[in-house]
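Enquirer: Sequence:
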Amino acid sequence: MSKIEDKIVIQVQKAITELFGQEIDSSSIALQNTRKDIEGDFTLVVFSFVKLTKKSPEETAQLIGEYLKKHMKEIDSFQVLKGFLNFTLHHQYWMTFLQKASEENNYGTTLPDESEPVVVEYSSPNTNKPLHLGHIRNNLLGYSLAQILEASGKKTYKVNLVNDRGIHICKSMLAWMKWGNGETPESSKKKGDKLVGDYYVLFETALRKEAQALKETHNYDDENARNNAPLMQEARELLRKWEARDPDVFKIWKTMNGWVYRGFDSTYQRLGVSFDKIYYESDTYLMGKKIVLDGLEKSAFFKKEDGSVWADLTNEGLDEKLLLRADGTSVYITQDIGTAQLRFDDYNPGKMIYVVGNEQNYHFEVLKKALKKLEKPYTDHLHHLSYGMVELPQGKMKSREGTVVDADDLMDEMYKTARKTTEELGKIEGFSEEEKENLFHIIGMGALKYFILKVDPKKNMLFNPEESIDFNGNTGPFIQYTHARIRSIIRKAEEKGIADKNFDPLKVVINIKEKNLIRSLYNFPQIVQDAAADMSPALIANYVYELAKEFNQFYHDYSVLNEPDENISLFRLKLSGLTSKVIKTAMDMLGIEVPERM
RNA sequence: GGUUCCGUAGCUCAGCUGGAUAGAGCAACAGCCUUCUAAGCUGUGGGUCCCAGGUUCGAAUCCUGGCGGAAUCACCA
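Residue 1 is where the first sequence starts when you use this note's numbering, and the numbers rise one by one after that.
Incorrect hints may appear among the rest.
List time: in silico SDA-like cross-link candidates among lysine to any residue, alpha-carbon distance up to 20 Å [stated by the list, open to error]:
1) K178 x P247
2) K7 x S77
3) K298 x Y378
4) K3 x G153
5) K454 x N464
6) K51 x L19
7) K54 x Q22
8) K14 x K51
9) K7 x S26
Estimated spans, in silico, between C-beta atoms of each pair [to be verified]:
10) S266 x I428: 25 to 35 Å
11) T217 x D346: 48 to 58 Å
12) E546 x L425: 17 to 27 Å
13) F250 x G272: 25 to 35 Å
Quick caveat, the hints were computed from the structure, so don't treat them as lab data. Just so we're clear, the structure is a prediction, and the values are computed from it rather than from any experiment. Backbone N, C-alpha and C fix where the C-beta goes; we use that ideal spot for every residue, glycine too.
Kindly produce the complete structure, drawing on both the sequences and the hints.
Expert: What follows is the structure, given as structure tokens:
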């Protein structure tokens, strides 16, 4: 469906040429939706043309308005107000739009184009800590972004990069070896990621104690004390053994990581996120090493006296960056260089998006510049979706102060709140236990997901665990409820056998609420494109809220099935049906399910 | 200190590729269920859009400089 806005813009261009003898670039034509409190569908801002037309804004607007009305059959009328030119399209135009959009399978979305796929990396957990609220934002953003990109017409692959190697992993392993007595998730009835996380905490606690003692006996500073503590030495030894593929160490590493993955899987499943491929740093860092050494050979990088390898980025306004340690072992960025290459080889993507917190902005700058030094063809394909931190009322989450909001706990809370609220409202008679549980899950997760996704990704956001997430107003359940309401109407229409009957547009007199709804529905495809371009699920969230609000206003003022005029009733049914479809499609892009009843 | 991001109603957030009188939700107060689901709808109050300059016919939006907050500047990840 070609957009009417594009047609108007072309006609405005012609009008200016014919009426005023001036050429104008289409990009300088500001055509926007007319404000709701003013009559009209589209508004042309004419102020910028006044220099060319040498006439007053009002006169210019009047002339262009007359020209367009004459040359475009879709335009019914226009009015000039304070130098703004407001067009109203023909009734028939909107009726046709409603009918056509209703027939589409997935109105608003575009079938994915395989030619230049997009790879979205998100989640990227460490295997020594359970997932918390910060990871939830990451996972929801990543999953939603991938859905949006796919809906906007890009084949999209979701990938995860698991940080499963390094000194931190050795810490939990060491603690478990020393004090675990062979404890397993089965023996302790703990989730695997929680169990391993507990040993990490145990290690850190013991290390702090040792370091404190050293500070007193040897007068070390904090850093020296930590580095010289026997536990730290042992952890390093373990890392050396791991890198040397010591069979015993490797076996424990595999076992413990296996526990963590099973724990993560259950959290991911509950969150409703998934991946097309999982990369492991324990694999990708080898590729990274190789590329860095190749770069060294080609003089893209340089070696210092101690044998360490560096990238000199001082000409790019950055600093020197270590890529390989003197002993040949790799650092964080080494594996990212390798991962980028592997990903490029796997998918040949037009875009590689990294959903990673803004605390790593500098890292991604360095990564891009380093890849540029290597003259990698995919350098410019990298995009960092840098999102803000989730803060608590007391500030950042700190594991030491026990203020970390655990992902599983939070989902439990949401479920309980959803159950309590739903049971109090008492609308679920006739639901089976299974249906009830599913509904509580859908509503609880809907509230949580919407709460997080409605905020602009790049901004820090505040989460107050004391004031539990609302179910009224600008929330997920409000939108879910609107969907359920519409579905209820449609079920009744199906019982009456009128659900698919068409209406006669000529006999429909449209009211303002209906008009607002149609206009909002019309905007949907553009919103999807904007959200994809801006990498912002918040645009979808805010759009679908507006749409739901508009429907509720319409629903309050007018009846669909009890409307005596059958033709108007059928029209409203179509309008409601399309609204429910758009709500479902949009919510799907946010990873939020919508219930048939609630 | 350098760099990047943020600063809009009591609180949480929209609006930011410049356009008409700056919007929602929550909280407060006042209404609306014999009619398709009241998790809804309607109304009232609530603002130096951090400050100061600049660009422009027009600035919450763009530029410069302050102020305030966050992140980062590792041989951690």
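Enquirer: None of the hints should be skipped; say for each whether it holds.
Expert: Hints versus structure:
Between the alpha carbons of K178 and P247 the distance comes to roughly 18 Å, so the proposed pair stays at or under 20 Å and holds. Of the supplied pair hints, the one linking K7 and S77 holds, its CA atoms being roughly 16 Å apart against a limit of 20 Å. Of the supplied pair hints, the one linking K298 and Y378 holds, its CA atoms being roughly 18 Å apart against a limit of 20 Å. Note on K3 and G153: the hinted pairing holds, with a Cα-Cα distance of about 17 Å set against a maximum of 20 Å.
A hinted pair counts as satisfied when its Cα atoms are at most 20 Å apart, and K454 with N464 qualifies at roughly 16 Å. With a C-alpha separation of about 14 Å, the suggested pair K51 and L19 falls inside the 20 Å cut-off, and the hint holds. Annotation: proposed proximity of K54 to Q22 holds, straight-line Cα distance about 11 Å (limit 20 Å). About 17 Å separates the Cα atoms of K14 and K51, which keeps this hinted pair within 20 Å; it holds.
Restraint check: the Cα-Cα separation between K7 and S26 comes to about 11 Å, which is no more than 20 Å; the hinted pair holds. About 26 Å separates the C-beta atoms of S266 and I428, a value consistent with the hinted range of 25 to 35 Å. At about 53 Å, the CB distance of T217 to D346 agrees with the hint of 48 to 58 Å. Separation of E546 from L425 is about 25 Å and conforms to the stated range, judged on CB atoms against 17 to 27 Å.
For the pair F250 and G272, the supplied restraint of 25 to 35 Å holds, since their beta-carbon distance comes to about 34 Å.
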